[in-house]
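K.L.:
Fit chain V with the ligands to the given chain F structure using the hints.
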Amino acid sequence: MALSLNTQLSCHDIRLTFGGVTALDGVSFEVMDGEIFAIIGPNGAGKSSMLNCISGLYRPQQGEIKFDGLTIRDLPPHQRAKRGIARSFQNIALFRELSVIDNIMTGRHLSQRAGVISGGLFWGWAKCDEEHHRAVVEEIIESLGLQDIRRCAVGSLPYGRQKRVELARALAMEPRLLLLDEPMAGMNAAERDDMVGFILEANCRRKITVVMIEHDMGMVMDISDTVCVLDFGKRIALGSPEQIMNDPHVIKAYLGEDDGFF
Amino acid sequence: MRERIALMIKADMGLFHSKKSLAATVSFLVCLMFVPVYGSSYVLDVVNRIGIAVIAALGLNILTGFTGLISLGNAAFMAIGAYSASWLAMRTGINFIFCIPVAGIITAALGMVVGIPSLRLRGLYLAMATLAAHFIVEFLAVHWESVTGGVAGLTISSPTVAGFALDSDRTVYYLIIPTAILSVLFVSNIFRTRVGRAFIAIRDQEMSAAVMGIDVFKYKLISFALSSFFAGVAGALMACQTRIITPENFPISIAIDSLAMIIIGGLCSVIGTIFGAVFLTALPEFLRLATTALAGSFPELIGKLASLKELVFGLLVILFLIFEPHGISAIWQRTKNRF
Ligand SMILES: Nc1ncnc2c1ncn2[C@@H]1O[C@H](COP(=O)(O)OP(=O)(O)OP(=O)(O)O)[C@@H](O)[C@H]1O
Ligand SMILES: [Mg+2]
Chain F
56 MALSLNTQLS CHDIRLTFGG VTALDGVSFE VMDGEIFAII GPNGAGKSSM LNCISGLYRP
116 QQGEIKFDGL TIRDLPPHQR AKRGIARSFQ NIALFRELSV IDNIMTGRHL SQRAGVISGG
176 LFWGWAKCDE EHHRAVVEEI IESLGLQDIR RCAVGSLPYG RQKRVELARA LAMEPRLLLL
236 DEPMAGMNAA ERDDMVGFIL EANCRRKITV VMIEHDMGMV MDISDTVCVL DFGKRIALGS
296 PEQIMNDPHV IKAYLGEDDG FF
Chain V
123 MRERIALMIK ADMGLFHSKK SLAATVSFLV CLMFVPVYGS SYVLDVVNRI GIAVIAALGL
183 NILTGFTGLI SLGNAAFMAI GAYSASWLAM RTGINFIFCI PVAGIITAAL GMVVGIPSLR
243 LRGLYLAMAT LAAHFIVEFL AVHWESVTGG VAGLTISSPT VAGFALDSDR TVYYLIIPTA
303 ILSVLFVSNI FRTRVGRAFI AIRDQEMSAA VMGIDVFKYK LISFALSSFF AGVAGALMAC
363 QTRIITPENF PISIAIDSLA MIIIGGLCSV IGTIFGAVFL TALPEFLRLA TTALAGSFPE
423 LIGKLASLKE LVFGLLVILF LIFEPHGISA IWQRTKNRF
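Chains as they are written, first to last, in my numbering: chain F, 56 to 317; chain V, 123 to 461.
Note that these hints are calculated values from the structure, not bench results.
Glycine included, every Cβ here is placed at the ideal spot set by N, Cα and C.
It is possible that some hints are incorrect.
[As the list claims (entries may be wrong)] Residues of chain F clear of chain V, computed beta-carbon distances all greater than 12 angstroms:
{"no.": "1", "residue": "I140"}
{"no.": "2", "residue": "F150"}
{"no.": "3", "residue": "M160"}
{"no.": "4", "residue": "R261"}
[To be verified] DEER-style ranges, computed between Cβ atoms:
{"no.": "5", "chain 1": "V", "residue 1": "Q455", "chain 2": "F", "residue 2": "S295", "range": "47 to 57 angstroms"}
{"no.": "6", "chain 1": "V", "residue 1": "E407", "chain 2": "F", "residue 2": "G210", "range": "31 to 41 angstroms"}
{"no.": "7", "chain 1": "V", "residue 1": "S143", "chain 2": "F", "residue 2": "P213", "range": "26 to 36 angstroms"}
{"no.": "8", "chain 1": "F", "residue 1": "G215", "chain 2": "V", "residue 2": "S429", "range": "51 to 61 angstroms"}
{"no.": "9", "chain 1": "V", "residue 1": "V148", "chain 2": "F", "residue 2": "P213", "range": "34 to 44 angstroms"}
[To be verified] Sample of chain V residues at the chain F side, in silico, Cβ under 10 angstroms:
{"no.": "10", "residue": "A145"}
{"no.": "11", "residue": "V309"}
{"no.": "12", "residue": "I312"}
{"no.": "13", "residue": "F461"}
With the rest of the complex left out, here is chain F (with noise of 0.2 angstroms):
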């Protein structure tokens, strides 16, 4: 985790509202390139639409995100997929009748280059293309473990293994930031090292910042550089795990819950 010093990603001010409900109410933080930046908070605090705002799907009515220091606040998803941003989805979100290959192969789509007739001749340079990425996506199989499942319809797999699909969906794209919302949510416990592993790997060996939202308490603290804790659309504390560990609003915020905190 070589922290540079750079701002890869920055959200000001972020406002986000549904008929009535205010989802986020003046958020701003910024992500350093390379590092593994948590979102927090209890049920219902904004956590999914703040990743929403930042991968396109959906818009705040006030605010300005930044990617690279160039706005990406007013470009449709699949264009901020092009300058480098991947994610997962809380609830699962693969492409269910295609295969694990095939989903992941999805993820090479903007790399690839293949139009509607070559692609329909597959003759020649298309024909090598797809066996280049095909060979790209064997190697993220591998080390995602997935060889066994490789062509598996995803709908027919059990949940901790459609999530790990999922992520290596993501990391087909070779994207320079990784939103992952829950990622182990659902999981046992041998299923969570594994998943604490990738992301690791992600983020060291691939360099990918990652942001990701996150329950459980104490992997947060334990792999992230910053938390970010959001209550009720409004954030209520930003700093290193230690700091947040420590900080009064946040215990207020947690002991009002049922569940406690660590």
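P.N.:
Using the frame of chain F, we list chain V with the ligands on its own:
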């Protein structure tokens, strides 16, 4: 290790999953070559109509089965293809053969226009928009007489290839069937590449597709263009086969037949499309033969043939939707796996 992965990639990319299926396909194609030699004019007519139905249904399957955009506009696109090819051939004197791909491209362009509402409309609402397109085309076919010939329609002189007139079922066969085979190959290839994956991704999970970098609207339009291209080519071939086209050649029931073909054959399956087209084109012929055979004992049946066809079609669609939503292609897959 490296070689093993390279082999797996080759296998994943291949069109045929085994040597057996390759051999079966080749022998099937060889058999097709002998149809015009041994087939009667009646058999050839049916086979030609199957070929045209395969191309039209393939077009619809790209849009509805693979991209998830329900369309009732297939007959309209076939009409556009048929009229534009015929009009071109008549006005410019260009050989009809060359007018077929041009008609396909014209239909593709118009198909994209019809696809524009898909930016906002989904499901049944989009189906309604394509239905509107159908009635507009039908209206134009009747009333834009300078181009379409109105109710009387257009008569096409049979095209010639190298001095060889395609004027019988036997000769037209050599135009229709190779076109159908090439269309099947082309579409199968599309689904080995990123374009086909983008279509399926949009159908399965549009939001995810956008996040993966797929320009959803652009690919929906491409799907409309590709789909109507094939429908247009099918229409042009139909003009070539019947040599007279009128608005009555393209009623809404043709669009519904295409839809029934892909549902019964298998949405999202190229081979299923072929099965569906064969099945539903041959079925009325079979019903006709059956009613003629039974005419001795039940003379009133003959008069009810048309409604009998509709009844059987409707029943089949419902039964398939309930018991085999993946269509004949799923049955085929299971049978194949048993060997
Ligand atoms: N598409 C939407 N339409 C209407 N309201 C929405 C929508 N998305 C989110 N909200 C509302 O915004 C608020 C924040 O929701 P969000 O999903 O961002 O919370 P969260 O922090 O991710 O919660 P959880 O931990 O349960 O995932 C909630 O009150 C939710 O009801
Ligand atoms: Mg959430």
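K.L.:
None of the hints should be skipped; say for each whether it holds.
P.N.:
To see whether the hints hold, each was checked on the structure:
Once the 12 angstroms rule is applied to beta carbons, I140/F is inconsistent with being away from chain V; the minimum gap is 8 angstroms. Here F150/F does not stay apart from chain V, with its beta-carbon only about 4 angstroms from theirs, under the 12 angstroms limit. The Cβ of M160/F does not lie farther than 12 angstroms from every Cβ of chain V; its closest approach is about 6 angstroms, which violates its non-interface assignment. Taking the minimum C-beta to C-beta distance to chain V, about 18 angstroms, the non-interface status of R261/F holds against the 12 angstroms cut.
For Q455/V and S295/F, the Cβ-Cβ distance of about 55 angstroms falls inside the hinted range of 47 to 57 angstroms, so the restraint holds. The hint said 31 to 41 angstroms for the Cβ distance between E407/V and G210/F, and at roughly 38 angstroms that hint holds. For S143/V paired with P213/F, a C-beta distance near 31 angstroms keeps the hint of 26 to 36 angstroms intact. The given range of 51 to 61 angstroms is respected by G215/F and S429/V, whose C-beta atoms sit roughly 54 angstroms from each other.
A C-beta distance of roughly 40 angstroms is found between V148/V and P213/F, which places it inside the suggested range of 34 to 44 angstroms. About 21 angstroms separates the beta-carbon of A145/V from the nearest beta-carbon of chain F, more than 10 angstroms, and the hint is not met. At its closest, the beta carbon of V309/V sits 7 angstroms from a beta carbon of chain F; the interface hint therefore holds under the 10 angstroms criterion. Against a cut-off of 10 angstroms between C-beta atoms, the interface hint on I312/V holds, since the closest Cβ of chain F lies about 5 angstroms away.
For F461/V, the interface hint is violated, since its Cβ never comes within 10 angstroms of a Cβ in chain F; the closest pair sits about 20 angstroms apart.
Consistency with the previously given hints fails for numbers 1, 2, 3, 10 and 13, ordered from lowest to highest.
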